[in-house]
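Residue numbers (our numbering), protein chains in the order written: chain W, 1 to 367; chain C, 1001 to 1300.
Derived by calculation from the structure, the hints in this document are not laboratory data. Backbone N, C-alpha and C fix where the C-beta goes; we use that ideal spot for every residue, glycine too.
Stretch-level coverage of chain W by chain C, calculated; a stretch enters the list once three of its residues show a Cβ under 8 Å from a Cβ in chain C: (1) 147 to 155; (2) 302 to 308.
Negatives, chain C to chain W, calculated, CB over 10 Å: (3) Arg1045; (4) Lys1088; (5) Gly1102; (6) Thr1108; (7) Gln1109; (8) Ile1111; (9) Gly1116; (10) Gly1135; (11) Ala1160.
What follows is the residue order along each chain.
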Amino acid sequence: MRRAGAPSEIARLTAPIVALLDWAWQRMHWWVALMALLYALSGITIVKPDEVAVVLRWGRLVGDTPALQQHGPGLLFAFPRPIDEVVRVQVKHVWEVPVSTLAPASAFAKDYTNMGQDTLNPLTQGYALTGDQNIVQADMVARYRVSDPAEWAFYGPKAEDVLRVEVTAAMVRSLGEMGVDRVLSDGRKTLVALATRRAQIGLDASHSGLELSSLELTRLAPPPALVSDFDAVQSTFIDAQTLQNEAQAYAQSAIPQAQADADAAIQSAHADADSELATAQGDASAFRALEREYRANPTVIRERLYRDAIEKAIGSAAVRWVPPPPGGNYHGFRVSISPPRAGERPRRSTPPTSEDEDDEDERGTPP
Amino acid sequence: MVDAMKAQRWLRGVVGTIALSAIVFSATTVVVREGQAVLITRFGRPLRAATQPGLHWKLPWPIDGAITLDMRRRVYETGQAEMLTRDKKNVIARTFVVWRIGDPLTFTQAIGNEAGAEDKLDGLLTNAAIGTLGGHDLSALVSTDPSDLQMDQIESELLASTAPLALRSYGVNVEQVRLERLALPEENVTAVFDQMRAERRQFAAKYQAEGQQEASKIRSQADLDAAEIRAKGTEEQARIRGESAAQVAKIYADAHRIDPELYRFTRSLDSLTKLVTGNTSLILRTDSEPFSLLEGKDKK
Chain W
1 MRRAGAPSEI
11 ARLTAPIVAL
21 LDWAWQRMHW
31 WVALMALLYA
41 LSGITIVKPD
51 EVAVVLRWGR
61 LVGDTPALQQ
71 HGPGLLFAFP
81 RPIDEVVRVQ
91 VKHVWEVPVS
101 TLAPASAFAK
111 DYTNMGQDTL
121 NPLTQGYALT
131 GDQNIVQADM
141 VARYRVSDPA
151 EWAFYGPKAE
161 DVLRVEVTAA
171 MVRSLGEMGV
181 DRVLSDGRKT
191 LVALATRRAQ
201 IGLDASHSGL
211 ELSSLELTRL
221 APPPALVSDF
231 DAVQSTFIDA
241 QTLQNEAQAY
251 AQSAIPQAQA
261 DADAAIQSAH
271 ADADSELATA
281 QGDASAFRAL
291 EREYRANPTV
301 IRERLYRDAI
311 EKAIGSAAVR
321 WVPPPPGGNY
331 HGFRVSISPP
341 RAGERPRRST
351 PPTSEDEDDE
361 DERGTPP
Chain C
1001 MVDAMKAQRW
1011 LRGVVGTIAL
1021 SAIVFSATTV
1031 VVREGQAVLI
1041 TRFGRPLRAA
1051 TQPGLHWKLP
1061 WPIDGAITLD
1071 MRRRVYETGQ
1081 AEMLTRDKKN
1091 VIARTFVVWR
1101 IGDPLTFTQA
1111 IGNEAGAEDK
1121 LDGLLTNAAI
1131 GTLGGHDLSA
1141 LVSTDPSDLQ
1151 MDQIESELLA
1161 STAPLALRSY
1171 GVNVEQVRLE
1181 RLALPEENVT
1191 AVFDQMRAER
1201 RQFAAKYQAE
1211 GQQEASKIRS
1221 QADLDAAEIR
1231 AKGTEEQARI
1241 RGESAAQVAK
1251 IYADAHRIDP
1261 ELYRFTRSLD
1271 SLTKLVTGNT
1281 SLILRTDSEP
1291 FSLLEGKDKK
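Taking the hints into account, I'd like the entire structure generated from these sequences.
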């Protein structure tokens, strides 16, 4: 009774449900089968070209090594939920996040420059100290991508948070090791490389699963209140360079000029020497020829030479004739010479000489 | 007809069994996902923490409950706090921590949620920073001399003074403590600005002086070099002239040595023709050669 009664009671209670199920099954069994099939296939996932997928089975990561955990682009067969969960991560995409923790707050910066206030509020104004305790302000852009999808997806801190603090800390520390003049000039590349390396070490230490592809320093400058002082140094430096360049240019022209002068002097000396030598040789050979003639015929040659010379001398000089004194006796004959402006008046000189030779402008008259 | 009835009954049994076991399974197991931990409570009292990802057993509701905790690492930045270094310099420092729940049981009991943890960490870190920086000079933080810098040491000191306490008291695993920012109090910045300005002026003066010095050095060196080159040229010129004069003299001497008397004669004739030019007036007696011819006289 009890054995028969109990099932029949349950059967009586469940009869409408069973009837409903039977009715539904008879009407829609194809649909139900289709739904079941679709559910069974719902774990199959398409992994896109820039993605990597990892599979969680009952919440646990499938695979022991990263290579086995990660599935590349393509079709991925997995069980439906709640057995498997496929997590897809974009690993090729490079994300960009601005890091402005060390930059002046734009609104405040405007106020400060307008007011010309000579200080910075550390709570509103970002800045960092350099190794020589100068203040600089930096604006950065960090570019990153996911390098370890599983770590990033399940254990890593929020990418933007961790990047902001790691990049800031790395930059603060790197700036704190270098002098202001270095970071503002040729040390900038070194600074960025150092900060990038430090930030990456930090990202690895915090198990972020992120890779810093690049760190760009979009702005690195002294505070606005000091920009003019830094610019002045820069322009002085350029002026000093210009001064040196001008001196170099002067040196580069002065030395060739001196060389040219020296060369010209030497050349002219050579030329003079050559011509003097030639003249001397000509004179010498002329003299030798003359001497040969002279030896053969001394009197005639001597006479000819003497007459040639006298002719030449007299021919070139201004000749005035003074008629001989009466009687042809020149004894006591005087010729007075005066400059032409002294007039025509003749003068007489007293000392009686037999011969007068003078080379002055003359006016000779007989006494 | 009977077969169809049988098949339907069998199917009904299979579906029923699957449904029933699914219900039982979901009631007695809990899935711990990667990056999570599940705290299993019995009648509301925390019993144990399932930290390994995967399936874990539990008794069905209402006996056991499950609280899911996020085990991801988190970054927390402290506020900016003013502190004193060992060399009595005021600095404003900000640190950040990378932390995660280390002990879910302690964490849930002591703090309960993330915001609470951050409150506790802030106080802990600020105290640690004040203590640690008080033991170091400012040059340990910023210096151009690498031997002064002690950042690694400071950060490990900070970690050592916070991590054990945080784990023991709050169940928080502090994995990293780092100095994020270093600044100066507003009133000290003015002094730094003045110092920077003075330094800039010094640099400007130095560059100017160096530039001028260098330029005048270059110029005077060039002048010196040029003078040296010219002097060498003049010297060479004099040498050439001297040599040539010697040669010329030798040539003349060699020639004239043949007949010195003739040389003297020709030389005096040359002198005569050279001395008597167009500006010379000669006053000659007509009874001398060759003008004696004019008077019809014979020569003497």
